[in-house]
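Colleague: Here the protein sequences line up with chains A and B, keeping their order.
In case it helps, our numbering puts the first sequence at residues 1 to 438.
In case it helps, our numbering puts the second sequence at residues 1 to 410.
Rather than coming from a laboratory, the hints here were simulated on the basis of the structure.
Hints may be right or wrong, so weigh each one.
[To be verified] Once the Cα atoms are required to be at most 25 Å apart in a straight line, the calculated BS3-like pairs of lysine-lysine come out as: (1) A:Lys338 with A:Lys369; (2) B:Lys270 with A:Lys369; (3) A:Lys78 with A:Lys300; (4) A:Lys361 with A:Lys300; (5) A:Lys169 with A:Lys78; (6) A:Lys300 with A:Lys315; (7) B:Lys89 with B:Lys270; (8) B:Lys240 with A:Lys100; (9) B:Lys240 with A:Lys2; (10) A:Lys300 with A:Lys369; (11) B:Lys387 with A:Lys411; (12) A:Lys100 with A:Lys143.
[To be verified] Going by beta-carbon spacing under 10 Å, a handful of chain B positions derived as facing chain A: (13) Pro71; (14) Thr90; (15) Val94; (16) Ser197; (17) Ser284; (18) Gly358.
Glycine is no exception: its CB is placed at the ideal position from the N, C-alpha and C atoms.
As a plain string of letters, each chain reads:
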Amino acid sequence: MKRILTLFITTTFIFACEPEIDDYEPSSGDADFSTYVALGNSLTAGVMNGELYLSGQQNSYPSILADKFANVGGGDFKQPLMKDDYVGNRLVLDSVHGCKDTTLAPAPAQENPDPQNFTDIAGQGPFNNMGVPGAKSFHLLTKGYGQANPYFGRFMSDANTTVLADAMKVNPTFFTMWIGNRDVLGYAMAGGEANSITEQQIYSGVLDSLLQKLTSEGAKGAIANIPDVTDIPFFNTIPYNALSLSQEEAGQLREAYQQYNQGAQAAGVDTLSFQEGANALVIEDNSAPYNEIGGMRQIKENELVLLDIPLDSVKCHGMGSEYPVPEEYVLDEEEISKISQAVNGYNQTITAMADQFNLAKVDMAATMKEAKESGLRYDGVGYTTEFISGKLFSLDGIHLTGQGYAIVANKFISAINAQYNAEIPTVSVTEYSGIQFP
Amino acid sequence: MRKTIFLFIVGILFGGMAKAGGFQVGLQGQRQTGMGLLGTAYLKGPSSVFYNPGAMSFQENRFSTSIGMSPIVSTVSFQYEEPSLYEAKTDNPVSLPFSFYGSGKITEKLSAGVGIYTPYGSSTVWGDDWRGRHVIQDISLMSIYVQPTLSYQISERFGFGVGFVYAYGQVELNKGFPLQNSEGEEGSINLDGNTSSFGFNAGFYAQPVDRMEIGVTYRSEVLMEVENGDAAFSVPTSLKESFPPENKFDAELPLPASVNLGASYRFTDKFKLGVDVNYVFWSSYESLDFDFEENTESLEDLSQPKNYENGFIYRIGGEYFVNEMWTFRAGFYYDSPVANDEYYAPETPDAVKLGYTGGLSFAPNENLSIDASILFVQGLERTADYKPENFGGTYKYNAIVPGLGINYHF
């Protein structure tokens, strides 16, 4: 009887306790994460909602990564943090009064910039997050770049240093690199009208120099490739047929463009046509043969309208109908093809060099493609490249949300784990900041 | 010979791919709970109303009644899919399945009875902030069946009974909604509805030879159709128009049918042993869909695919009659999962569950007995995903269910 009672009490005790699952053990595998340095551009710096600011930097993917590296021997990770969020160009969602209606849209935050954000903090260095907003690949090797770019100027170790030289100051045992986006984005964001695409040869040379130096002391690392810029919301939000017309307006436009259409027929190109409903925007095109007939045409379905087009002008003041959309707001077929070509070239270089330097390769291009085509899903939350509702991109349509950066961090972790037989824990994406609605 | 037959039966019962689980609660009588929750062919008081209406007319007493309750204390531990350091544990409230039965003889051969019991339910609370909050924060499913029953003893050895089931059900769930306000706080959805429905419970019961009982029952599906449940959305102010705060929903939840087979044998005057097998038609639970009365561009209907599979539960249990005052019981059951590895939702712990039971009855006089039982449920560790939401990891369930009841007859 006593034995039965003992058995009963023991069993009760066991079942009253919570069930235990064996813990998993993080491991660094073949890599040494004790000193980690991140190189890159605004995406690496943690730019969000159009600006580099404190709470955005705290959600940068290198800082998220460093937090996880801490489980496998990672040490301190110092970012050149802004003092606060009031830097100048931060966007927030707000009621925006347009000429026709009031909508919830990105608008400059109503706040006074705090000039202290650009005071020199070099004395706090060296820094582990060497992401510099605006940096193209070759800028990382450009002496005195900090004098031209205040986002580097504020933490460069001296006036003639390079980003790479400052990165080497921490003696990295591990690095991540995501560079090249800006090499095409500058051109793309200007509608192909300003800012040139970095030539393939230069990109390859720069990348080789960067990786030679970074791995010179035996450091290991990971390198991410470049998403197709045309997958991102800045180029995919305003539809080509954003011109909405009433029957009457369509009639008036047909009449107004009679002369143009005669010229078009003579030149053997498409005439302008307008119907009630959605219409292809009229855009500026000064190439032949359009330069002969007024320097305009209707945009093609596969051409892209940029997010920064002044929509009020389209809706109420005749842009894209009575007069053409200026070229700087449009990426035409030829420009898109130049961008794709460059990105493909960069990505081939990245793949080859990841191989050559035995680095983990992070396929961000594939991730973004997947987000656009089928969407990503983490812990019950869906992410797409849709502007605002897609949750991946912040209000500028180019940089990511905190959750977007967490997804990037997870992609880095997966690639690093696979390359170095490591077991770095993944990130809980939904813990990070998203789009905030008033 | 006897041993061979027994092994043969065990072989059949454990042979196939076994599945059951889901949110079924087997606790419909203290005496049955004590012996692996079996009772299809095991005459054991008025709880026959539930376990086998066909056995009710075999009661020797003119009238008998029982009442009992079995509080469930359960926990599920969770470890996020590796590599991750994330762990969580449920904070489930104690749920309280209960049962009441009364049955009496109208004539020597005809009996009438009624049962009120709670055959399906679940209460899982993961908390508002856990990592799976956008899949589920907490859910409470509750059902109460009221079952008036008639049973007729066709011959000395054979009885049939059927009960009509009126079922009342309630479902409430909360889940996080991934829209942040300007403070970075997330929204949430609360869905709350109740409904009633009908079904039946029928059984054959026989004593083919002395000391032996066999039985088969069929409990029909009860389809719970919630109409006009309350759907409350808490979202940032600027999005209120897209998510009407006082929306309504319709939803459908099947409480599945089951076929139950059993046999028992009184080996000696002191010892009786029974086996049961339940086949539960969980495949009717294909998905849990919430159809909102008002949809907007941002608010689509919610659909959670379940794709459950039919399943078996195998039970074995017996009694040792010490003397007229004391009876001891013990039993075991094996209950395996009905959710497949790609549709394992954290709201319903589902795994191979092993139940170890014990119980006793104390009869201070010949009319009264006090019945106590204890059930330990050990869920085996299970690694599974809920693919539609890309959420998964390793789950482990356990529960301890003490029970107490009173049985009175004359």
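Colleague: Could you run down the list of hints and mark each one as holding or not?
Modeller: Okay, the hints, checked on the actual structure:
Taking the CA atoms of Lys338 of chain A and Lys369 of chain A, the gap is near 19 Å; set against the 25 Å cutoff, the hint holds. Distance hint between Lys270 of chain B and Lys369 of chain A is unfulfilled; the C-alpha atoms sit about 72 Å from each other, more than 25 Å. With a C-alpha separation of about 47 Å, the suggested pairing of Lys78 of chain A with Lys300 of chain A is violated against the 25 Å cut-off. Taken as a hint, the Lys361 of chain A and Lys300 of chain A pair is broken in the structure, with Cα atoms around 36 Å apart against an allowance of 25 Å.
Restraint check for Lys169 of chain A and Lys78 of chain A: the C-alpha separation of about 12 Å stays at or below 25 Å, so the hint holds. Note on Lys300 of chain A and Lys315 of chain A: the hinted pairing holds, with a Cα-Cα distance of about 19 Å set against a maximum of 25 Å. This hinted pair does not check out: Lys89 of chain B and Lys270 of chain B have alpha carbons roughly 44 Å apart, beyond 25 Å. Of the pairs offered as hints, the one joining Lys240 of chain B and Lys100 of chain A holds, with about 22 Å between alpha carbons and a cut-off of 25 Å not exceeded.
At roughly 65 Å between alpha-carbon atoms, Lys240 of chain B and Lys2 of chain A are farther apart than 25 Å, so this suggested pair is violated. At roughly 22 Å between alpha-carbon atoms, Lys300 of chain A and Lys369 of chain A fall within 25 Å of each other, so this suggested pair holds. A hinted pair counts as satisfied when its Cα atoms are at most 25 Å apart, and Lys387 of chain B with Lys411 of chain A qualifies at roughly 19 Å. A hinted pair counts as satisfied when its Cα atoms are at most 25 Å apart, and Lys100 of chain A with Lys143 of chain A does not qualify at roughly 50 Å.
For the restraint placing Pro71 of chain B at the interface with chain A, the shortest Cβ-Cβ distance is roughly 13 Å, beyond the 10 Å limit, so the hint is violated. Here the hint on Thr90 of chain B is kept, as its CB sits about 9 Å from the closest CB of chain A, short of 10 Å. Given the 10 Å rule on beta carbons, the hint for Val94 of chain B is violated: about 12 Å separates it from the nearest Cβ of chain A. Checking Ser197 of chain B against chain A by beta carbon gives a least distance of about 30 Å; that is not within 10 Å, so the hint is violated.
Interface restraint check for Ser284 of chain B: the shortest CB-CB distance to chain A comes to about 25 Å, outside 10 Å, so the restraint is violated. Residue-level restraint check for Gly358 of chain B holds (minimum Cβ-Cβ distance to chain A is 7 Å; threshold 10 Å).
When each numbered hint is compared with the structure, violations occur for hints 2, 3, 4, 7, 9, 12, 13, 15, 16 and 17.
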